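Relying on the hints, combine the two individually framed chains into one complex.
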Amino acid sequence: MPHLESDVLVVGAGGAGMYAAIAAARAGASVVLLDKSLVGRGGATVMAQMTVAAALGHQEPDDWTLHLADTLKAGRGLCNEELAELLCRGGPERILEMDAWGTRWAREGGHIKQETAPGHSRKRCCYVDFLATGPAVAGTLRRKVGETSGIRRISNVAVVQIAVKGGRALGAVGLSVRDGRLATFHAGAVVLAAGGLTRLYARNSASANMGGEACALALEAGAELVDMEFVQFFPIGHLAPRLVGMDPIMWDPFRYKLGGRLLNGRLEEFVDRYGGTDFGRYTATRDLASYAILKEVEAGRGSPHGGAYLDFRHIGEARLREAFGPVIDRLLANGIDLTKTPVEVGPIAHYHMGGIRVDGKMETRIEGLYAAGEAVGGANGANRLSGNAITEALVFGERAGRSAAARARSGAPPWEASLAEPSIERLDALKKGKGSPGAAWPAMVQSELQRLMWENAGPFRTGGKLAAALERIREMRDELPDLRVGAAGAYNLDIQDWFELRAMLLSAECVVQSALARRESRGAHQREDFAETRPELERNQVLELRDGRLCSRWITPMGRVEADRG
Amino acid sequence: MAERNDRRAVLLIRRGTAAEAARYERFEVPYEDGMSVLDALRWIRIHRDGTLAVRYSCINANACKTCMALVNGEVEYTCTAKLTPGPITVEPLPKRPWIRDLVADTVPDDEKLDEEEEPRKRNGAR
Numbered sequence: 057m058p059h060l061e062s063d064v065l066v067v068g069a070g071g072a073g074m075y076a077a078i079a080a081a082r083a084g085a086s087v088v089l090l091d092k093s094l095v096g097r098g099g100a101t102v103m104a105q106m107t108v109a110a111a112l113g114h115q116e117p118d119d120w121t122l123h124l125a126d127t128l129k130a131g132r133g134l135c136n137e138e139l140a141e142l143l144c145r146g147g148p149e150r151i152l153e154m155d156a157w158g159t160r161w162a163r164e165g166g167h168i169k170q171e172t173a174p175g176h177s178r179k180r181c182c183y184v185d186f187l188a189t190g191p192a193v194a195g196t197l198r199r200k201v202g203e204t205s206g207i208r209r210i211s212n213v214a215v216v217q218i219a220v221k222g223g224r225a226l227g228a229v230g231l232s233v234r235d236g237r238l239a240t241f242h243a244g245a246v247v248l249a250a251g252g253l254t255r256l257y258a259r260n261s262a263s264a265n266m267g268g269e270a271c272a273l274a275l276e277a278g279a280e281l282v283d284m285e286f287v288q289f290f291p292i293g294h295l296a297p298r299l300v301g302m303d304p305i306m307w308d309p310f311r312y313k314l315g316g317r318l319l320n321g322r323l324e325e326f327v328d329r330y331g332g333t334d335f336g337r338y339t340a341t342r343d344l345a346s347y348a349i350l351k352e353v354e355a356g357r358g359s360p361h362g363g364a365y366l367d368f369r370h371i372g373e374a375r376l377r378e379a380f381g382p383v384i385d386r387l388l389a390n391g392i393d394l395t396k397t398p399v400e401v402g403p404i405a406h407y408h409m410g411g412i413r414v415d416g417k418m419e420t421r422i423e424g425l426y427a428a429g430e431a432v433g434g435a436n437g438a439n440r441l442s443g444n445a446i447t448e449a450l451v452f453g454e455r456a457g458r459s460a461a462a463r464a465r466s467g468a469p470p471w472e473a474s475l476a477e478p479s480i481e482r483l484d485a486l487k488k489g490k491g492s493p494g495a496a497w498p499a500m501v502q503s504e505l506q507r508l509m510w511e512n513a514g515p516f517r518t519g520g521k522l523a524a525a526l527e528r529i530r531e532m533r534d535e536l537p538d539l540r541v542g543a544a545g546a547y548n549l550d551i552q553d554w555f556e557l558r559a560m561l562l563s564a565e566c567v568v569q570s571a572l573a574r575r576e577s578r579g580a581h582q583r584e585d586f587a588e589t590r591p592e593l594e595r596n597q598v599l600e601l602r603d604g605r606l607c608s609r610w611i612t613p614m615g616r617v618e619a620d621r622g
Numbered sequence: 009m010a011e012r013n014d015r016r017a018v019l020l021i022r023r024g025t026a027a028e029a030a031r032y033e034r035f036e037v038p039y040e041d042g043m044s045v046l047d048a049l050r051w052i053r054i055h056r057d058g059t060l061a062v063r064y065s066c067i068n069a070n071a072c073k074t075c076m077a078l079v080n081g082e083v084e085y086t087c088t089a090k091l092t093p094g095p096i097t098v099e100p101l102p103k104r105p106w107i108r109d110l111v112a113d114t115v116p117d118d119e120k121l122d123e124e125e126e127p128r129k130r131n132g133a134r
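For the record, the sequence lines run as chains A and B. When we follow my numbering, the leftmost residue of the first sequence carries the number 57, and every step to the right adds one. When we follow my numbering, the leftmost residue of the second sequence carries the number 9, and every step to the right adds one.
By construction, these hints were calculated from the structure, which means they are not laboratory data. Quantities reported herein were computed from a predicted structural model and do not represent experimental measurements. For each residue, glycine too, the CB sits at the ideal point set by N, CA and C. There could be a bad hint or two in this list.
Stated by the list, open to error - The following label-pair restraints were derived from C-beta to C-beta distances:
#1 B:K103 with A:E511: 52 to 62 Å
#2 A:R163 with B:K103: 32 to 42 Å
#3 B:H55 with A:G84: 44 to 54 Å
What the hints assert, rightly or not - Sample of chain B residues with no beta-carbon within 10 Å of chain A, all distances over it, derived:
#4 R22
#5 E36
#6 A71
#7 V115
Excised from the complex, chain B in its bound form (with noise of 0.2 Å):
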């Protein structure tokens, strides 16, 4: 898609994990009338730091509902959040424990692999 590089969005994300104080970075980002927030946080993963931790598997399909944050305070799918020139602020959900950057612990308890797992036999028959 044609890239217009004169105009930029800027996101102010917030980095780190519960451990650590407060911290928020400033990413500029090409920025086109109709994107997604999304599409910003894949952009800087590509071209600025690869590091940044962000939940999503769809990508555009707002199929998965796996890409929530707070958006200027707003809980949004990311993928449906319009980018706007800015600045955005984007942290991750609030009411979840906190993993790191925008990735809060959503995944079910049950669908979790236990860090002290032991080896044991499951419920089969072997």
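Looking at chain A on its own, in the form it has when it is part of the complex (with noise of 0.2 Å):
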């Protein structure tokens, strides 16, 4: 079996992880840097379409103290106020070195463009290009990551299981996808950055990396999670008529710039009777205009595909073209003549709030384990700010790594090779092929999940429904040995789908229980049986395993998680 061994293991390589290996490296320590897909083409980052919000007031005077109210305001009381504070304090310094670093900022009279987004109350929000600003991000991070000494990146290594000896992170056990293979990873200290769990969810903007695996990995760690049920789900994603090639959020950066009418089935505009006010000028935070749709679907107004129309076609052509040439003719060639017709939005699994718990040193409560990115819950409370996923990425990243190399420079216990042995086990059973031949394989059982999850545990929220859904995702978890894989070593997909199902039950548990226990409806979390959002709930819940039992407590919003200790 093939064993690395480091000072830092970096498990996920999108933006959290190669910042996290980049800042390691640069604080002395070796690094091991994996991901699942290839180094830094997997993950959200690539993905994300424009905005990267942070106050450093070259469009107009801001301060990341505004920054930072606006964050709070959006999360509904429930933010950890000490991450969001790092978030707000720490992204101009990222945005700046990404920018030496060779990032191409969108620029304008010699300084940093930055374009206003929904709920920031100041022009603070930079890009590269619109649709082209994660690209273009995960690129010079790449090829950072490429030029920095005493960084081993692999590729393809989806990771099944953080090792830990006495309460002690010190590595991490990988399936190698290439061949079939177990591999060992040695470490001083872990940073998890492999993503959020959007992909949970049949309507999603998600990566094939965003299964929920870092909260699970985390969780039978022994690591906390906290704000498990506050998924957010991005109102304007893709619907119809399908659209290749694009991503499936790419409106966004459309309304920013050109308004937009969102309209119901009936053609009129509906956001204002929710309390947001839209009219063409994309006002209306996330949460309320997913609400607003999926209402307007509920009382049967809804578009043919069940969300609503986006129309462009009063700006004109010559507008258009001015403002997304390019995009225009790849629009055209899917068959979408903005000009003629509106399309189909409503909205998909976009971002997780919650997460892993961490200290501001992006520590768990394990020694030695630290996360990253969006698998770090609590910065954005009960909804996040367009804009801050990218930020949080960089700044989390950049700490975590950077904590890391420090945990690692004092030592870490010597490997043990019995630390595998649970994976071992694990893959041993699947190859014997106990699945009889007529039973499902994992991507039939994930798809059945997805589809349960998006109608169960989706944007609105009952007490019944989410009882529904507890149940079979614990039933899927009992059938788990049962399922049929395939014998190929070679890129056995199967294998890789096997475990990925396994964390993203797991995963989906935490959601469904947290979702479950939250009588109330706030941000992102909406219950149809709790409309009312209750002062008295302005309370995180945190999850722990208890003997292989998902435990859940209450604690208040804080800006110190050690407050909270002992």
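Shown next, in the form of structure tokens:
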């Protein structure tokens, strides 16, 4: 079995993971950087469309305290204020560092250009190009990782277990997809930067990486999760007509630049009926817009595919071409002419506010286990502002990498072969092929789980539906050993899918159990049976595994995680 | 999304590894206007055969650039290649070592986990 040693192991090579690797290496640590996909090409960062929020004050006077105030307001009282402060305070430094590394932030009159975005009180969001900011940010970091000595990059390894001994993380076990074998990684500290969990939902804007593996790995390692019920549904994800080769959340920049009218199935404006102001100006926050669209659908006033119309016909071809020329052509190639027909949009799972509970150094309660990026819970509370996700990836990534390097300096307990046994046993059992010829296979069950989560734990929730989902998820976990997987060794996606599914089911259970326990509506969590926001529930739910059982407790939102300990 | 079960696309997919005789497998997939080849491959993995090896990451955004294959003999991103009623032939990239099914070895050499990687200290101080 291949075995690698390093000071710091980084799991996930999107924006947060790559930044963590760079920061750890420049603090003097040797780093192994793993990704299930290809380094720098998987994850969510590469898919980011446009905005990165940071109080640079280049476009107009701004300050990180104003960014923080906006972030806390959007978070509906649930933000971990220490993490939110780190995000807002640290954003400008990271943006400028990326600038020095060659990210071509859009400029205007000699300064970085910043646009307005919903929920931000200042022009704060920088970008490279609409629809291309993510690839540019990922490209810069990929290049920088390649140039930084001390970073060993490894693609196509899916981490399936964090190795912990005596409450101390000291590495991981990974599945090498290329040859179907396990590999072990011994390190002085581990950074989990493997993304969020939006692929749990049938309608999503996720990449293949985001099945909630980071949360499941952390939970099983003994760390806590927080705010798992808060999944952000992006209100205007593309539904129809079928559009290929473009991200389903692509309509956001169109609305930033051009407005675009959101209309129900009867071609009426409707967001104002739900307390928002829209009228083509796009000022409604994401949770409100999602709510408004689905309420119209429920009332029988939706578009044919269960969403709303987004209409640019009043804009005119000249302005459309001026703003989005090449994209207009790509849309025409998809048979979509914005001057003639509106498109259909609706909520899709886009981001997870909850995640792994960490302190201000990004460390979990398991010594030596850190988290970064979307995998971290708490900074954005019950609802995330547009533009905060990439900032969070960069800021938390840098911080986690630096902290992990410092932790690794004190050395790690020695590796023991027995640490990998749980994964070895699982893989051996799978290969023995207990699954009968007629049994379901992992990709099929993943798809069932996605539909279940969409229908029962999506933007609108009820106690009954959530309870039914919980029951089915537990059955599916019991059925895991009976699934059928192929025998091939090389690039056996069945086996990767099985480990993914195992993690997805655990993360899904966390989302559903937390959603069931939160008997109110707040931010992205909307309960039809508890429509009011209850002030006494201005609290966070924390989950942990105790003897294999998921246990939860409520805590007061806090700036300092330590205050809650003991 | 509404599924139109009356329309089908046909794909002929190269299966197996370099060590085996050439083998093409035929799949029928429900077809609707605007679908991509990757949509069809993902449908097959969910509904027909989970063992089909395919490489992709971002699914639909054409951002990760990892889903290339030969579609009707042309190198294309399967996420942007339009599905047609077919039959469409899908094969792995020809100029890379073939791993299995539609997966060719596109991982840069310095990002590979060496099969024989021995326990060793890396360049750290520990």
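Go ahead and decide if the range 52 to 62 Å is satisfied by the Cβ distance of K103 (chain B) to E511 (chain A).
Distance hint for K103 (chain B), E511 (chain A) is violated at roughly 44 Å.
C-beta pair H55 (chain B), G84 (chain A): status relative to the range 44 to 54 Å that was hinted
Given about 51 Å between the Cβ atoms, the range holds.
Would the least Cβ to Cβ distance between A71 (chain B) and chain A come out above 10 Å?
5 Å, violated
Given a hinted range of 32 to 42 Å, is it respected by the beta-carbon distance of R163 (chain A) and K103 (chain B)?
39 Å, holds
Determine whether the non-interface label on R22 (chain B) survives the test: each CB of chain A must be over 10 Å from its CB.
14 Å, holds
Could you let me know if the closest chain A CB is still more than 10 Å away from the CB of E36 (chain B)?
Consistent with the label, E36 (chain B) stays out of reach of chain A, its closest Cβ about 17 Å off (over 10 Å).
In terms of Cβ atoms, is chain A entirely out of 10 Å range of V115 (chain B)?
5 Å, violated
Violation of the numbered hints given earlier is confined to hints 1, 6 and 7; the remaining hints are satisfied by the structure.
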